[in-house]
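S.K.: The sequence shown begins at 38 in the numbering used here and counts up one residue at a time.
Please note that the accuracy of each hint is not assured.
[Unchecked claim] List of simulated lysine to any residue pairs, SDA-like, C-alpha gap at most 20 Å:
1. Lys286 with Gln217
2. Lys165 with Gly121
3. Lys286 with Ala311
4. Lys56 with Pro397
5. Lys286 with Ala137
6. Lys286 with Leu423
7. Lys266 with Lys56
8. Lys82 with Glu113
9. Lys60 with Arg136
10. Lys322 with Ala277
11. Lys60 with Arg225
12. Lys56 with Lys286
13. Lys322 with Gly362
14. Lys286 with Lys165
15. Lys165 with Ser194
16. Lys266 with Gln201
17. Lys82 with Arg111
18. Lys286 with Gln421
19. Lys82 with Thr231
20. Lys233 with Leu114
21. Lys233 with Gln217
22. Lys233 with Gln195
23. Lys82 with Lys165
24. Lys73 with Gln61
25. Lys73 with Gln217
26. Lys165 with Asn154
27. Lys73 with Lys266
28. Lys266 with Asp292
29. Lys286 with Gly324
30. Lys234 with Leu138
What the hints contain is simulated information worked out from the structure, not anything from laboratory work.
Keep in mind the model is a prediction, meaning the values are calculated, not measured.
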Amino acid sequence: MDREALARRNQRLAEERHKPSAKQRLRNGALRLIAKAPNAPQRAKSNRLLIIRPDHLGDMLLTTPAIQAIKRGRPELSIHVLCGPWCAELLANYEEVDRALTLPFPGFGRGGSRGGNSWLLALQSAGKLRRIGYDSAIIMRPDHWWGALVAKLAGISQRIGYDQPGVAPFLTDSRRLEHQHVVEQNLRLAEVLTGKKSGDLIRLEYPLQDEDVDYIDQRLAAWEIAGDKPLICIHAGSGAASKLWTCEKWATVADTVAREYEAAIVLTGASGEAGIVNDIAVRMKSGAGIIAGATSLGQLAALYRRSLAVLGPDSGAMHIAAAVGAPTVTLFGPADPIEFAPWGDRGRHAVVTSDIGCRPCRILEWRDDELENHPCVREIMVEQALDAARGVLGQKSTHYQGIGEG
């Protein structure tokens with residue numbers, strides 16, 4: 038099958054995947070009926086806001102500007118975030134979050150975990166939330182019908198979200214979903230509570246702890262990487278196999294930027310990505326430090342702050358890098374960079390894509406035997422990534438202090 042025919046085939050497959058199935062249509066009908074039920078009795082005003090975000094690290098990090106905007110505009114509110122256990126460590130660093138409530142959201146577990154009975158869990162979760170008591174809830178993920186259902190069952194009187202099937206029937210305040218960055222989408226929902234636009238200068242930030250910075254300094258010293266040595270990080274893993282580039286190409290990029298910028302290379306990854314990291318390392322000629330599953334989130338952020346740039350596919354790691362001021366080069370395939378590119382100055386954050394016609398399909402999960410037919414990331418050429426890296430490496434990190442800097 039030639040390339041154009043493959044792209045047309047993939048577009049058809051994606052369109053079919055995006056159409057509501059018979060099961061989804063039946064579910065949405067049931068949700069509309071449930072939404073018509075009387076609201077649960079209201080508790081006394083609590084000044085508590087519940088933000089519901091079931092996603093993983095990158096999406097949660099992109100929610101923090103909205104949380105900060107709400108806290109600035111409505112300082113009297115106590116902000117609670119209902120999140121997956123995978124995001125608790127992230128939220129602990131934000132003083133604007135008064136409480137993080139963890140829940141294994143159905144359908145959001147990785148490694149084969151899909152959660153239990155979603156309807157029973159909704160009833161149980163709503164009961165717990167009702168006992169706490171909330172005045173308002175924001176369902177940050179546009180299509181998260183389950184979160185909207187829980188907010189309704191919990192008796193939360195104001196429910197804010199996007200006008201999407203399965204979600205809209207439960208909302209008291211809805212907004213039309215626009216094709217814009219997720220940070221902007223989240224801020225539009227925050228504006229319902231603050232009554233004011235947040236402006237164009239919203240920064241993405243990740244607060245660092247001194248002990249995390251000290252830990253990274255010690256690790257770099259153990260690798261004999263001096264404090265003034267340029268450092269470039271590569272995080273080659275991602276939560277979806279369809280987003281991955283080849284280890285051979287990453288090794289070539291790593292060797293090239295190490296040589297051109299006289300830089301030390303550090304390969305980072307989650308514990309489940311050690312195989313990818315080691316495969317890149319053995320293919321490299323220049324050598325690399327390896328941190329795969331050996332750091333906390335804060336330590337990883339401290340490492341990225343020390344870096345001239347961070348390179349990798351679309352993943353939460355790239356958003357962490359952007360949040361601590363490191364320039365980034367992100368390879369995009371099935372996801373839409375208009376919505377999910379690292380947030381910040383475009384001159385500091387390069388996006389690299391192939392030109393295959395089916396991109397972005399917005400389908401992240403394909404069967405293993407189908408991955409070969411979805412080459413949107415694998416088709417990205419080494420020179421494309423290198424050109425992007427050279428562009429951002431001309432931009433100083435907002436934190437990095439290196440050779441020739443005061």
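S.K.: A separate judgement is required for each hint: does it hold in the structure or not?
M.R.: Hint check:
1. Lys286 with Gln217: 31 Å, violated
2. Lys165 with Gly121: 16 Å, holds
3. Lys286 with Ala311: Measuring from Cα to Cα gives roughly 17 Å; hence the hint holds.
4. Lys56 with Pro397: Status holds; Cα separation ~16 Å.
5. Lys286 with Ala137: 40 Å, violated
6. Lys286 with Leu423: 10 Å, holds
7. Lys266 with Lys56: The hint is violated at about 51 Å.
8. Lys82 with Glu113: Satisfied, since the Cα-Cα distance of roughly 12 Å is no more than 20 Å.
9. Lys60 with Arg136: 35 Å, violated
10. Lys322 with Ala277: Not satisfied, since the Cα-Cα distance of roughly 28 Å exceeds 20 Å.
11. Lys60 with Arg225: Not satisfied, since the Cα-Cα distance of roughly 31 Å exceeds 20 Å.
12. Lys56 with Lys286: 35 Å, violated
13. Lys322 with Gly362: 29 Å, violated
14. Lys286 with Lys165: Violated, at about 49 Å.
15. Lys165 with Ser194: 16 Å, holds
16. Lys266 with Gln201: This hinted pair is violated, its Cα atoms lying about 50 Å apart.
17. Lys82 with Arg111: 15 Å, holds
18. Lys286 with Gln421: Cα-Cα ~11 Å, so holds.
19. Lys82 with Thr231: Roughly 18 Å separates the two Cα atoms, so the pair holds.
20. Lys233 with Leu114: With Cα atoms ~16 Å apart, Lys233 and Leu114 stay inside 20 Å; holds.
21. Lys233 with Gln217: Holds: Lys233 and Gln217 sit about 19 Å apart, inside 20 Å.
22. Lys233 with Gln195: The hint holds at about 18 Å.
23. Lys82 with Lys165: Since the Cα atoms of Lys82 and Lys165 sit roughly 17 Å apart, the hinted pair holds (cutoff 20 Å).
24. Lys73 with Gln61: 19 Å, holds
25. Lys73 with Gln217: 31 Å, violated
26. Lys165 with Asn154: Since the Cα atoms of Lys165 and Asn154 sit roughly 17 Å apart, the hinted pair holds (cutoff 20 Å).
27. Lys73 with Lys266: Outside the cut-off at roughly 63 Å; violated.
28. Lys266 with Asp292: The hint holds at about 16 Å.
29. Lys286 with Gly324: 15 Å, holds
30. Lys234 with Leu138: At roughly 28 Å apart (the allowed maximum being 20 Å), Leu138 and Lys234 break the hint.
Taken one by one, the earlier hints fail for this structure at numbers 1, 5, 7, 9, 10, 11, 12, 13, 14, 16, 25, 27 and 30, listed in ascending order.
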